[in-house]
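**Q** Listed below are the residues making up each chain.
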Amino acid sequence: MRLALKIAFRFLSSSKAQTFLIVLGIAIGVSVQVFIGSLIQGLQKSLINTTIGRSSHITVSAEDDDRKIDDWEVAIDTIREKAVGLKAVSAAVGLKAVSAAADFPAFIESGSQTFPIFLRGFIYEDADKIYKLDESIVEGKRPTRARQVLMGVDLKKELEVKLGDRVTVITPKGTKTKVTITGFYDFKVASINKSWLITDLRTAQSIFSFGRSITSIEMQVNEVFKADTLALSIENILKNPNLKVEHWKAQNAQLLSGLQGQSMSSYLIQVFVMISVVLGIASVLAITVLQKSKQLGILKAMGIRDSMASLIFLFEGAGLGVMGAILGVALGLGLTYIFTTFAVDSEGVPIITLYISYPFIALSALIATLSATLAALVPARKSAKLNPIEVIKNG
Amino acid sequence: MDNIIELKKINKIYGKSITTQVLFDVDLAFEANSFNSIIGASGSGKSTILNIIGTLDQPTSGEVYINGNRTDQLKKNALAKLRNETIGFIFQFHYLLPEFTALENVLMPYLIREQKASKAAIERAEELLNIVGLSDVKKNLANNMSGGQQQRTAIARALINNPKIILADEPTGNLDSASTENIYELLRSINKKFQTTFVIITHDKRIADKADRIVEIKDGRVAHDFK
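Taken in sequence, the protein lines are chains L and D.
Mind the numbering: the first sequence is residues 1 to 395 in the working numbering, read in order.
Mind the numbering: the second sequence is residues 1 to 227 in the working numbering, read in order.
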C-alpha cells in the first residue's frame, strides 16, 4: 500500500505538465458541476420564494358556504401542540407560522370612487410571520387600534388617498364602516396590492358580523416540499369533517412540474460532465500505463505483486481525482462569485442569487474522486496483466 | 557443493500456430557461491535460459529448482516473492526507475518486501552505493547519471535484499572497456564477500575467462561446459 502510494505520487510528480492537464480537466468538470448545481438550486429557491414565500403553504378552511370556522382557537392549539410531535414531521419540516384570518370580499368607497377589495383581518403578529407585513410597509406604520387598515400601494394610486385618510368599507350586505389608513404596503404582486385591505381580526369580524368566527387558518412550513404530507397529518389531527386542509403543491402543479424538469436537466448535464471527465481520465491513464510499462516491468522483475502494480494506478487515479476536485471546487466557487458580482441588474442586485450548498459541493467533489478512481480501474487491470518478460526482452 | 540452481530437461517453444523451439532438453545446474558465465551467439537461447532461471519466463516443459524449491509450478505471487528475496537481476539496459534517486532505486527491492525503509536498510543501501563507488551521486535521479553509474546502481540494487543468486544479462554490454573491467572486478569481489552465486551472460571473452565456469549455448543446447 505504502510503496504503491509512494510510486503513484512519484509518477505523478515526475510528469508535472501531464498531471496538471489531467487535474485541470477534472477541475473544469467539477467546477461546471458546482456552478450549474448552485445556479439551478438558486433559481429554484428564488422561484419558490417569490411564488410561495409570502403565502400560506397549508390552509384550513370550512367546507360550508358561509365559510365560518367557529371553534378555531381549539383547532389552532391542536395544530400547534400535535403537529410538532408528529412522527411524519421532523423538526426541520415543522411549522414556521400559524395564523388565523377572517376575510371576505367587500367594496371600498373613497370620495366618488368604489373599488372591489378583499378585506383581511389577521392577528398581526401571527400574520407577519407569513406575509412579512412589517417589511412590506413602505409608508406609515402597522394598525394598532380597531378600524385601522393597511392598504396596498396600487390601490392607493387608484383611490388617490394618503396616510390618515378615512375610507368607507361596504360589505355585500350593504353595511358601511369607516376605517383609517395607517400605512401602505407593497407585496410586489399587483393583484394583491390592488385588492387586500389588511386590518385586525376583531375589526374584520365586526364588519362582517362574524361574531367570534374566522374563515381560515393559514400556515407556513419550513420544508415547503413536504407541505402535502404535513397537510395530510393535520387533517388527521383535526378530525373535523367540516374543515378542509389544502396545500400549495396541489394549487401550483405547473410550477412543480417546471421545477422538476429543471432539476432533471441539471442532473443530466452533471451526469454527462462526469462521464466526459471519467473518459478523459481513463484514456490518459491508459496511455500512462504504456509510458510506464518499462518501470512496471522492472518492478515486477524485482518482485512487486500484480495487485500492488494495479494499486499504483488506482492511487494515481484517486490522487488526480482529489487534486482535480479541490481545484474544481475552488474554480466553481470562483465562478459563482464572479457571476453574482458581475451579473447584476441596474441596482447592483444579482440577477440570480446562487445557492451555495456545502453538502452538494462535497458530494460533487466526492463523485469526482470516486469516478477518477473508477476510471483508473481499466489501466490498473492492464498494469496487473503486464508481463515483465515483454519489457525485459524488448529493451 | 550443493546445486542452488537446477534445470532438468528444459524445453522452450515460442508461438502457437507457427512454433519455434529455442531450448532442447537443457540440463544445467549451478553450485552455490560459484561465479559462472554463459556464452553463445545471439539467438542461441542463452537469455531464455537466464529468464527461466529468474522465473520471469516459464519453460514449455521440464523442471526448474531454485534453492531446492521447484518453481515452474508456482503461482505468480509466490514467484514474485521468490524473485524479490532470492534473486537479484542486473540487465544490459540497467532499468532503473528514472523517477527515483539512486538511493531510492537501490532500496526498491527492500521496499517491495517491507513497504517502509528502516534506518538500517538505508544505511545498508548507502554502504552498497559506497561499495560500487557512488556515494557522491546517491541523491541524483537515475537519468542524471552516466551509463556506468547507472549500471553500478543496478548492481547495488540487486544486492540490497542479500539474494543468494544474481543473474546478469550482458551487464557491461553498453559500457566502455575500462568500465567493463571495473564492473567485473566489482562483481567478483561481491561474489567473494557475500558468497553470492553469479550467472552472467556475456559476449566478452576476456570476462568469460575470469569465471569459475563457462557454459556455451548453441542452438538451444549446451555445447560446451568448462570449469
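Bear in mind the hints are in silico, worked out from the structure with no lab data behind them.
Fair warning: there could be bad hints in the mix.
Listed next, with one range per pair, are the computed distances between beta-carbon atoms [said to hold, decoys possible]:
1. G334/L x Q115/D: 37 to 43 Å
2. S14/L x D27/D: 22 to 28 Å
3. A286/L x Q115/D: 26 to 32 Å
Calculated Cβ distances over 12 Å to all of chain L for the following chain D residues [what the hints assert, rightly or not]:
4. L28
5. G62
6. N67
None of these values were measured; they are calculated from a predicted model.
Glycine included, C-beta positions come from ideal geometry on N, C-alpha and C.
**Q** Could you run down the list of hints and mark each one as holding or not?
**A** Hint check results:
Between G334/L and Q115/D the beta carbon distance is about 40 Å. The supplied range of 37 to 43 Å therefore holds. As the Cβ distance of S14/L to D27/D is approximately 46 Å, the hint placing it in 22 to 28 Å is violated. The beta-carbon spacing between A286/L and Q115/D, approximately 27 Å, falls within the hinted interval of 26 to 32 Å. Every Cβ of chain L is farther than 12 Å from the Cβ of L28/D; the closest lies at roughly 19 Å, confirming the non-interface assignment.
Even its closest Cβ contact with chain L, about 17 Å, leaves G62/D beyond 12 Å, as expected for a residue assigned away from the interface. Every Cβ of chain L is farther than 12 Å from the Cβ of N67/D; the closest lies at roughly 15 Å, confirming the non-interface assignment.
Checked against the numbered hints above, the structure breaks only hint 2 and satisfies the rest.
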